[in-house]
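Undergrad: For reference, the chains in residue letters:
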Amino acid sequence: MGFLLRIWRGSPDPPRFRAVRQLYRIVNIINSPEARGRGLLRRWLSERQLAQFDAFNFFDVIGCQTAKRYRIYYATAANVEELDKGGHPLMRYCFVPTGNLVPGDVMLAQKIALETDELAALELANKFQPSPQRLA
Amino acid sequence: MATQIVMDHTGDRRHQFDPQNASELAEAEKRFMELTGVGFTAAARTATGETIKVASFDPTAKETVFFPRLVGG
Numbered sequence: 001m002g003f004l005l006r007i008w009r010g011s012p013d014p015p016r017f018r019a020v021r022q023l024y025r026i027v028n029i030i031n032s033p034e035a036r037g038r039g040l041l042r043r044w045l046s047e048r049q050l051a052q053f054d055a056f057n058f059f060d061v062i063g064c065q066t067a068k069r070y071r072i073y074y075a076t077a078a079n080v081e082e083l084d085k086g087g088h089p090l091m092r093y094c095f096v097p098t099g100n101l102v103p104g105d106v107m108l109a110q111k112i113a114l115e116t117d118e119l120a121a122l123e124l125a126n127k128f129q130p131s132p133q134r135l136a
Numbered sequence: 137m138a139t140q141i142v143m144d145h146t147g148d149r150r151h152q153f154d155p156q157n158a159s160e161l162a163e164a165e166k167r168f169m170e171l172t173g174v175g176f177t178a179a180a181r182t183a184t185g186e187t188i189k190v191a192s193f194d195p196t197a198k199e200t201v202f203f204p205r206l207v208g209g
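Chains A and B, in that order, are what the protein sequence lines are.
Note that the first sequence covers residues 1 to 136 in the numbering used here.
Note that the second sequence covers residues 137 to 209 in the numbering used here.
Simulated from the structure, these hints should not be mistaken for lab results.
Remember, it's a predicted structure, so these values are computed and weren't measured experimentally.
We treat Cβ as the ideally placed atom computed from N, Cα and C, and that holds for glycine.
Incorrect hints may appear among the rest.
Claimed, not checked - Facing chain B, according to a computed beta carbon distance under 7 Å, are these residues of chain A, among others: (1) Ser46; (2) Cys94; (3) Pro97; (4) Ile112.
As the list claims (entries may be wrong) - Straight-line Cα separation of at most 16 Å, EDC-like style, residue types lysine to aspartate or glutamate; simulated pairs: (5) Lys189/B - Asp117/A; (6) Lys189/B - Glu118/A; (7) Lys166/B - Asp154/B; (8) Lys189/B - Glu115/A.
Given only the sequences and the hints, what does the whole structure look like? Please build it.
TA: Structure (C-alpha cells):
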C-alpha cells in the first residue's frame, strides 16, 4: 500500500494511477486462492459439468460404483447431495479434504472421489437430511 | 513438460518437470511417493477426459492432481 501511495504522490497523472490501481486489483483477484481453485476445477470438469457449473454454481457427478447421481455445490462443507431419478435430493453428505482448501479444490476432490472410489468416500462421510431450501 | 498440482490453502502449488530429464523425473517420482505416503490422493485424466486415481507414479501423465486425505466433515 505504501508503494501505491508513493506513486500517487509522485504521479502527475491521476487517471493513469487509477488505471494502475485497477489493474493491481484485477491481478490480485485473478491470483487469489479462490480464483485459482475455481480455475483448476473448471479445467477438470467435463464439458457437461462445466456448462452446469457456469450456469448454476453446482454440477452433477455419477458415482463410479452405484451409478447414483450426486450434486456438488460451491461450498466447502456439507455440499454434496444424492439425487433421485427426478433430481430431488435424497441425502446430504459431508466429506472434505483436510487442510482448509478453497471451494474449487474441495469440489474437485469430491468429484474425483465420487468418480473413482465412490463407496469409500461415502463410508467416511457424515450424512444429513437434505436442506429444506434445496428440496423444492 | 508435465505438471504435478498439489492442492493447498493457497489454491495449489505447481511443479513442472520434463519427463525426458532423468533428474527431474526422479524428483517428480520422489514427490509423488512423499505425497501419497502422507495420505494425498493422486488423480489424472485419460485421453477421453475420464478421471482416474493413480496408485503409482506414471511418467507419461501430463497432469497429476494431488489432494489431501478426505475426512467426514
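Undergrad: Would the pair Lys189/B and Glu118/A pass a check requiring their Cα atoms to be no farther apart than 16 Å?
TA: holds (12 Å)
Undergrad: Is the straight-line distance between the alpha-carbon of Lys189/B and that of Glu115/A 16 Å or less?
TA: Since the Cα atoms of Lys189/B and Glu115/A sit roughly 9 Å apart, the hinted pair holds (cutoff 16 Å).
Undergrad: Taking 7 Å as the limit, does the beta-carbon of Ile112/A come near enough to a beta-carbon in chain B?
TA: holds (5 Å)
Undergrad: Using 7 Å as the Cβ threshold, decide whether Ser46/A counts as touching chain B.
TA: Check passed: Cβ of Ser46/A comes within 6 Å of chain B, closer than 7 Å.
Undergrad: Quick one, are Lys189/B and Asp117/A close enough, alpha carbons at most 16 Å?
TA: Satisfied, since the Cα-Cα distance of roughly 8 Å is no more than 16 Å.
Undergrad: Interface hint check: Pro97/A, Cβ to nearest Cβ on chain B, cutoff 7 Å. Holds or violated?
TA: holds (4 Å)
Undergrad: Regarding the hint that Cys94/A lies at the interface with chain B, is the smallest CB-CB distance below 7 Å?
TA: Holds, because the Cβ-Cβ distance from Cys94/A to chain B comes to roughly 4 Å (cut-off 7 Å).
Undergrad: CA of Lys166/B to CA of Asp154/B, is that 16 Å or under?
TA: holds (14 Å)
Violated hints for the displayed structure: none, as all numbered hints are satisfied.
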